[in-house]
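*Asks:* Going down the list, the protein sequences come from chains A and B. Residue numbering for the first sequence follows the numbering used here, starting at -13 and increasing by one per position. Residue numbering for the second sequence follows the numbering used here, starting at -13 and increasing by one per position.
I should point out that these hints are in silico values taken from the structure, not numbers from a laboratory. It is possible that some hints are incorrect.
Pairs involving identical chains hold if they fit within one copy or between any two copies, as the list cannot separate such chains.
The calculated lysine to aspartate or glutamate pairs, modelled on DMTMM-like cross-linking and capped at a C-alpha distance of 25 angstroms, are [claimed, not checked]:
no. : residue 1 : residue 2
1   : K233      : E177
2   : K114      : D204
3   : K223      : D251
4   : K272      : D191
5   : K74       : D193
This structure is a prediction, so every number in the text was calculated from the model and none was measured.
Number of protein chains: 2
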Amino acid sequence: MKISRVDFFYLSMPEIHDRADGSQDSLLVRVEGGKHVGWGECEAAPLVSIASWCCPMSHSVCRPVRDSVLDQTLESAQDIPRILRLAKRNSDDLLQADHTLAGIDMALWDLLGKKMDLPVYRLLGYDKAFPKTPYASQLFGDDPQETYTKTRRVRELGFRATKVGWGGFGEGSSEDDAEHVRAAREGLGDEGILLVDAGKIWGDDVDEAAKRLAALEDCRVLWLEEPFVAGALAAYKTLSERCRDVKLAGGEDCHDEYSAQHTIDYAGIGYVQIDAGRTGITVAKKIADYAAPRGVTFVNHTFTTQLALSASLQPYAGLEKHTICEYPVEPTSLGRELTRETLARDAEGLVHIPERPGLGVEPDENAIRKYLVDVEIKVGGRTIFSTPRVV
Amino acid sequence: MKISRVDFFYLSMPEIHDRADGSQDSLLVRVEGGKHVGWGECEAAPLVSIASWCCPMSHSVCRPVRDSVLDQTLESAQDIPRILRLAKRNSDDLLQADHTLAGIDMALWDLLGKKMDLPVYRLLGYDKAFPKTPYASQLFGDDPQETYTKTRRVRELGFRATKVGWGGFGEGSSEDDAEHVRAAREGLGDEGILLVDAGKIWGDDVDEAAKRLAALEDCRVLWLEEPFVAGALAAYKTLSERCRDVKLAGGEDCHDEYSAQHTIDYAGIGYVQIDAGRTGITVAKKIADYAAPRGVTFVNHTFTTQLALSASLQPYAGLEKHTICEYPVEPTSLGRELTRETLARDAEGLVHIPERPGLGVEPDENAIRKYLVDVEIKVGGRTIFSTPRVV
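All chains, please: the whole structure from these sequences, using the hints.
*Replies:* Right under this line is the structure:
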């Protein structure tokens, strides 16, 4: 079949709040080919990713993403990497292209899965999908008491693992931070898996980060996530050498296979966190293939919808020992309502990757209409983008 | 002073041709503060960089670039890195932000230079600007004869150095490529500095690239540029170990200090090529500071206007031993007409960095009007961008 049509839907909560909650908006991608429809989602800044789809060409290797996608043939799992290679070449100078391609790539896998009547993880070469242990991803409370209450609550909800992050963590004294970490451990209980996300707060300042290590080790934190900005690989490496048991986690900003490979090779991380909304599924699978034999555990990064969650789990569905997954527990109503299906936890608290064809998660047309934001872009008097009809 | 206004002008040739000529369009940035005006330029995909300036916020660290720039104080050279740090944090999830910031950063330095009555290189800490040896940057001819004619012509124009690249180089047989390289050397003469740009044609295939090394060594090519895609640092490193005298050059895609550091640290390059239209001047200066003590020579990447050229030379103006610079010799009429001033070559063929305040190169209002493309972006029924008035 040919890729006959690609549509973008900019969805948003009525009001965007100034907090680190990525589920407040969404760029949904719908791809049509033959009689099938596939869905994907690009992470963050919907308008900019739309612009990189439809912008005028600047020169031969700075073309809009659409030039490499529309009318392409999609018959087998080899066609998607081929389309991506073409797009990477044609849009080489277009920085945003990777984020736009990520959502398109998801939708192409969903489409191909529906055509071939197979779940995406099968198309990726896995025989079986192993259930994952979800961690509840939360922001730190405003004070240790609130942090305690929050981790206590997710424990009561049956989560075996939780991650706390952002809030004011890392900005005050290391003693304040230690109290938050202790409160989190107390709320979660002795058995739970505790993860901490520093949200890049220390830039590339290794000493500032190292001051927090003792409390993290004492509270048996499994990983410290993003102590530094994404590119500070040398700072990561130095800090990793000062850790006893706690591992470093990072990689959510990766938008191509190379940036992830560098993080794996040079940053001394124990966990590589990949957001399929930024890399797409094809690239995420390559990263999983690269990480596993190097002793680095793959884990998804997902803070938004169940569609993004399903897409982010496919690349490591078949890696039995890579057991942890991020699971959004407090998304906005947009994040909750967008899809009909959810990847619900089973009686043991595990998340199962859908066995339905494609990604196994379908957007709800009513939700699309409810949150849809109208976009119109004119260049040189010509309308190059306007929000498509939902049906 | 406060940054009171930032305007973007999308300029384009009437028709964009399918060739690797980055001078076919331009995103010009005008920043106003106090009674001064500064100018900068973002490389490639103007519409996408405009969108990253004005898009709605997605969440607390995915804000539009404007949120971190407008109303900021600009009094000293320390304010520009401070504004950049703020923007990097606030727009962390916005992939395109670096390209937008690059042009703003240029304009801020131009503005500050005008206010302080000093050329930008002085604000960057250099006492003196050393003239550079320009290389004429050209595409390969369609056949060896045309390649000969092209390098012969630039020799007659008084250039001591030339670079040939793209065209079909690397796509056919290594013997065809060798003939082109020999023709280029013959046209340029024995004395000239010859550079070859492979335009990433071999992806990350080291063996394919290595087949061309003998001809490059025989023709005393100083550098082989971009044999591979930007992230393929391991492929670069392996190839560098198979080179005798020819050095590898790369880095034009770098859009932050870290991607350049990784290229310097892990890719075995001899020359790091930085486009201030993608990094801005602040980051480019940091990269020059990092490269020099590590034995890597800094060189600008500039294929567009004289404004971009001046901005790209400032970061290494004071590095006496880093002598080569890229110099656009066949830009479009837009590239030629945009600025009143040019960085003309002197009697010895050297390029001098302007001693005028700021970047020393001013856009011509008539040229802006001639090439201006009207842009209008509406989100949720509200116009969030429309092309500003030129005066």
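*Asks:* For this structure, which hints from the list above don't hold up?
*Replies:* Violated: hint 2 alone.
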